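K.L.:
Chains B, C and D: place on chain A using the hints.
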Amino acid sequence: MNPLILRTSVRIHLYLLTLFSFYLLIRGHNEPGGGFIAGLLTASAMVLQALAFDARYASSLVPVREQTLIGLGLLLAVGTGVASMLFGRPFLDHVFHHTFLPFLGEVELASAVVFDIGVYLVVVGVAKWTILTVATGRAGQSGPGS
Amino acid sequence: MSSLFASVMLPFILAPWVPALYRKAGRRVGFLVAVVPVSLFVYYLGFLGELGSEPVGFRLPWIPLLGVDLSFALDGFGLLFALLITGIGSLVVIYSTYYLGPREDLGKFYLYILIFMGAMLGVVTADNIVLLYIFWEITSVASFLLIGFWHTREESRWGALKAMMITVLGGFGILTAAVLLYVVGGSFELSALMENREAVLASPLYVPIVLLLLLGAFTKSAQAPFHIWLPGAMAAPTPVSAYLHSATMVKAGIFLVGRMAPLLGGTPLWYYTVSAVGAVTVFLGAFLAIRQTDLKALLAYSTVSQLGLIMPMFAAGTEVAALAGAAHILNHATFKGALFMLVGIIDHETHTRDLRRLGGLYKAMPVTAVLTGIAALSMAGVWPLNGFVSKELIFEAMLHPPFGPDVWTQAFAVLAVLGSAMTTIYCLILAHRINFGKPRYGDAEHPHDPPAGMLLGPVLLVGLVVLLGVYPYIAEGPIFNAAASGHMREEVHGHVHNVPVPGMPLAMSLIALGLGLWGYRHLESVRRAFDQVRPRVHANAVYDGILAGLDRLSRWMVRVHMTGLLRDYIAYILLVVFLGIGLAAAASGAAFDLRLDLAPMTFVEAVVIALIIAGAIAVAAFRHRLAAIVALSIVGLMVSFLYVQLRAPDLALTQLMVESISTVLILLAVRYLPPLPKEQDTARRKAADIALAAGAGALVAFLALMTNANRLFPSISQYFVENSKPLGGGSNIVNVILVDFRGVDTMGEITVLGIAALSVYALVTLRQRTRGRAERPVDDPPVAFDDPRSAARDAREGEMP
Amino acid sequence: MELAAIIAIGVLFGSGIYLLLKPRLLRVVFGSALISHAVNLLLLTSGRLKRGGAPLVGDVPAPVTDPLPQALILTAIVIGLGTTALILVLAYRIYQEKGTDDLRQLRGLEDES
Amino acid sequence: MSPNGLALPVVLPMLTGIALILLPRRAEWQRRISAVSTAVGFLIAVALIRQVRAEGIQVLYVGDFPAPFGIVFVGDLLSTLLVALNMLVAAAVLWYAFLTMDPERERFFFYPLFQFLLMGINGAFLTGDIFNLFVWFEVLLIASYILLTLGGEPYQLQEGFKYVMINMLASTLFLVSVSVLYGTLGTLNMADMAVKIAEVKDSPVVAIASVLLLIVFGIKAAIFPLYFWLPRSYVAPPGAVTAFFGGVMTKVGVYAMVRVYTLLFGVDDGFTYTLLVWIAGLSMVVGILGTLAQMDFKRILTWHIISQIGYMVMGLAIFTPLALAGAIYYVAHIMVVKTALFLASGVTEKLTGTTNLKKMSGLLTTHPALGALFFVGGLSLAGVPPLSGFFGKFTLIQAGLAEGRYGIVATAVGVSLFTLFSMIKIFRTSFWGEVRHKAAADRAVDLRTYGALLGPLALLVAVSVGMGLGAQFTVGYVLESAHQLLQPSLYIQAVLGSGLGS
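Residue numbers (this note's numbering), protein chains in the order written: chain A, 229 to 374; chain B, 18 to 818; chain C, 7 to 119; chain D, 297 to 798.
If we strip away everything but chain A, and leave its shape as in the complex, we get (with noise of 0.2 Å):
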């Protein structure tokens, strides 16, 4: 196949891959989906970046380094367990408020979205790490020291 083809049709998946998966994310309380489908979906679409181009340049379209993306989900995920704990409320107790958005219908602004959000988040990380890292046999963007 001609490479440019392959590339630019991987591009168009990487968006329509990505836009699915927060597609998936948003909806997964009440449809199958969820952050950790969604997080999945993202990482196999920078897998399919990887395969066709290399690994450090799918590794660029998320430019943030990995464990700050695995801190900042964790740290999301356990957010909302403090912040119920800082309400009075026990460790984890999730809110849930519907609301209406354009595009997605009725949502619901529920902290466990946030939770959730949290769990995307990590697996876009952890995936993107290991895979870069065993595709490299070294160190992704994050060097060592800092």
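Incorrect hints may appear among the rest.
As the list claims (entries may be wrong) - Distance condition first, Cα-Cα at most 16 Å in a straight line; then the derived EDC-like pairs of lysine to aspartate or glutamate: (1) D:K654 - D:E730; (2) B:K41 - B:D122; (3) C:K28 - B:D561; (4) D:K497 - D:D564; (5) C:K28 - C:D108; (6) C:K56 - B:E622; (7) D:K721 - B:D568; (8) B:K703 - B:D568; (9) D:K655 - D:D564; (10) B:K380 - B:D466; (11) D:K721 - B:D561; (12) D:K497 - D:E402; (13) C:K28 - B:D585; (14) B:K695 - C:D108; (15) C:K56 - B:D614; (16) B:K742 - A:E259; (17) C:K28 - B:D122; (18) B:K380 - B:E462; (19) D:K654 - B:E171; (20) D:K721 - B:E171; (21) D:K721 - B:E172.
Said to hold, decoys possible - Chain B stretches covered by chain A per the calculated footprint, using a threshold of three residues with CB under 8 Å from any CB of chain A: (22) 343 to 349; (23) 678 to 687.
FYI, nobody ran anything at the bench for these hints, they're computed from the structure.
All figures in this text were calculated on a predicted structure; none of them were measured in a lab.
Glycine included, every Cβ here is placed at the ideal spot set by N, Cα and C.
P.N.:
Only chains B, C and D this time, still in chain A's reference frame:
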């Protein structure tokens, strides 16, 4: 009597400061330390004449939950020991200041000595058996440290270990006996147990209690066959031998027998066991002493022998025996303590303890020689020294056993006389052979008497030897009778005699002396004769054999099953699972209920499952790694397809994604791994593997079937179905469970993922080998101590960022 | 259905164990992957299979399949992914350091007395 | 403090770990933050203990979902005690790690990984849900995998791989048992399970599930005959890691065994008792046999772990309040003392460059303070009075003899003699003797560093001595918690009683 408690604690409290004191005061530290035992000695002297069978006590709750309190009681029996501990302790502390060279670590030495002193005082004043045991073990530890004081010598290290192992073994006996007593008598307090004496004697546990307790006593007091540690302990500096291993610690076993006798004694078991062991020990100790050429070893065996003489006195339960025992404890401490110090002086002056290289010492060091002679003759039981006084009593006690004379008690008496005869022989060696005759001074040209400070201890002790021999009445009431009373728990009014009283005991003494004299005159032939009679079984050989055997067993065990092969380890686990589940199923006995509750299956599902099965077998069978990977991903895909069929859309999606990502990972990783070679498994091994694998598969299938057939309770998941929307605000129940109902699981799970990513990164990136190693694993080739490489490594380690 | 699933579980588990017994690192990794499939299916069958639709709450109440095992399996799958990645990397790092992928040569016995 | 306090021992290390990942990897920051967090964690655990003592068993319904549906965290006397000890030991080990960990490992996430390990362990202690327990096990395991292999030395990798695979198999078996339990009992909440198991006591399913769980936790706890992974894998990593693993990791398995046997299954039938008592005896004997031929400081200590687990199982098997108290006391004692001894081995390795006993001697002459600390720690391990080890052994002997279990008591006593033997072996060969290794002054470990290295060691030894001298308090506490464990209704009541109403 809180002062009693304070007196026991004082050495412990002061001990930790000694090393610091040593750094300040240097060699004079000994005199400062001596203040402790001297003042304690004075304190205990104050009790003289006050105490008999009625103790003074002190009690402080410590661990009432376990029945262990700080309860102390001092009676005449304990007082005798306390006086020995502090009195001889004072002399030894002063003596050691001269004995130990300027380069010795006196700080540590006196630290250990003080700890020992406190512990020993604790042993003889504790009223709670567990408390007694605690102090008992501390004496073992202190003795270990003191025997090993010259730890650069192999024999010190070896002797220390042996002493520790054997005495601690006995200690465990005491502990176990104490707990059994608690089970039977409901208390650890001796005074409380005395009230329940009948229950203890009647209990079926009485025999094990006695045997375990005696194990403790025999090991500590070096009774045969546990005597082997005491000669080894002679590797300690001589002051230690004088203090711990002749005057005090080795008498702790005797103390224990004496202390427990009112509770456990009075039975044939008690009396005959102790007497038999004692009699054998008297004989064996003396026999072995004669064969020694090292003066300290000779003294060590003689101590063994003498302890065997005293021990049965506290098992008899008669007044005369109690008195004899009490008197001989004191007397033995005086002459043996003196002898050890004197041998130390001789060693110090002539640099040898080999009696073949010594002779005519009287000319060179007359004071030492005279003192040695007097002390040795006292040990032989020569009138009018104190050894004679107590030996007469002992023989008399042996002739009046508590259950009447029988063939056994006569045998004990004969052994005792033979032992005494041999005692006479080696005492004459000490008194005569090294002091007179041709001058032989070991390595020294002109040995001479040591400074007065060093002689202080021996002079005082030999003074006592003479005083108590000539006029024993001075100690009769306040010490001997008081101690006997304390031991008997009733007032004893016995009498000692300083002049020979015609009778059977005197006859026995004379026979022993006569035989001994004859033997000494024919010493060489006696020695030769003794050398012929080598015991078949050496207790030492047993000890060494046990250690060596365990060592071999250990190596064998590790070699046989710790193969280092993952295969074996997995197989062990599986075998344990098979065995465990088999046993559990067999033990529960109930019949299995196999009423299956099955859902219908569609054709598509059947095909999917068939593919999964085929794929799984293919993964296991394929040798070509790419083929195996393909088969593996087919299995994964089919599993996710199965999830779709089984109404699990979220699972199907996740599995699909995970499958693709892990396939990519495997493919990437495979680049770094070599191709799989043909395996040369033997047919047998392969069959074993297949059998194990098939068994494991069958087991899991069985568990699944069993679960299916035993749905004992309805599931809680109905709650999730009902509340997903109202409580979780979502209609995808699985997702709501994940983020809401069981959000903690998810939190943990993404943490696992995060850690995995960190790990992968760190594993790949951090390569120790390329930049040297910070900490080497132990299996590396040994690096010499002065290897420049290791120096460089240390330099790296030293710098902290 | 359950019977067929159970047979599949048994075969998956058995094959996985068979691979764990093999000396090559890669095959051991494959074994662990098969075993986790087996266990996930086992968890699924511990609930009842196919007793209703997918666990989504519709407007009309309808029986659904037990959602709880599905949630548990999801957790287990994700944990499995993490572990697999780690094992893989460990395997190839061992090969890099020791120059062999044969567990029979990775025994660490020679250093012991 | 509301029951939310129970989440803190999990949340705090997690937040700390996250912070350490997000912040620049500067060694000082990493150290300071983890030090402060661990110290605070310890204080929180102590506060939890006080709360449990004052108010009884604490239950946190995570997410406000009632039991048995949501996940619960349960703090009773045992679990909060173990959390506190975990944090205490962790603090000491961290202190040691600050001084010894090489900069490379420090930069490669040692500190955050350590925090995640703490999080997993605390979670395992606190959770009241069997699947959640699995998750915490996975958290602590995966953190342990990497801590064991971090640094990538060949020996580490090779032994680490086996460790990982064996634990993977154990986790698999754990999931198998969870699915059996869920399939038959329909619940995951342990209190709920206890209620249901009590109704169907005779079902073979219960017996099989109990044995499966015993095997799963037995692998983690390294009981006989499932210990073989331990002796080699624990000697591979750096001193600080070995110290923490040796002190704490296997005790999580012991805790889980104690929990399921007291809450779910009980040891009242002859089969379970026989099984446990044989496991206990053989663990003791095999563990101690393993030490006898070893001539390596760390290896002797690692083999000991197995024999000491035997004592804990012995207490569980006898199953009286006193016996269980002895087992708990032993767990606490070993966590402290074992870590201390491993730290001592680490310090000697720093000083001499080896753990091989044949290659060092005379340390008592050159480093008397280290010698004293090791000696006291070793005696404590061997159960010499009045140190902490003695009271654990004493309580177990008392409990065993009161029940007439003579065989196991004899084994326990005999094994402790050889425990002493092996401690003395170390002392004899490496602390006594001629000075054969280079003096500290010649080596890069200067006196100040050496003094600092003794700090964490001294802390732990002091705790051991305190535990022994303050036995009235410590034994009282473990007795109280044993009573609590032997009345599972308290636990069930606390979890389900108030939970059903909300």
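K.L.:
Now tell me if each hint is right for this structure.
P.N.:
Okay, the hints, checked on the actual structure:
no. : hint            : result
1   : D:K654 - D:E730 : holds, 12 Å
2   : B:K41 - B:D122  : holds, 13 Å
3   : C:K28 - B:D561  : violated, 44 Å
4   : D:K497 - D:D564 : holds, 11 Å
5   : C:K28 - C:D108  : holds, 9 Å
6   : C:K56 - B:E622  : holds, 12 Å
7   : D:K721 - B:D568 : holds, 13 Å
8   : B:K703 - B:D568 : violated, 35 Å
9   : D:K655 - D:D564 : violated, 50 Å
10  : B:K380 - B:D466 : holds, 10 Å
11  : D:K721 - B:D561 : holds, 15 Å
12  : D:K497 - D:E402 : violated, 51 Å
13  : C:K28 - B:D585  : holds, 10 Å
14  : B:K695 - C:D108 : holds, 12 Å
15  : C:K56 - B:D614  : holds, 12 Å
16  : B:K742 - A:E259 : holds, 12 Å
17  : C:K28 - B:D122  : violated, 59 Å
18  : B:K380 - B:E462 : holds, 13 Å
19  : D:K654 - B:E171 : holds, 14 Å
20  : D:K721 - B:E171 : holds, 13 Å
21  : D:K721 - B:E172 : holds, 14 Å
22  : 343 to 349      : violated (count 0)
23  : 678 to 687      : holds (count 5)
This entry does not satisfy hints 3, 8, 9, 12, 17 and 22, going by the numbered hints stated previously.
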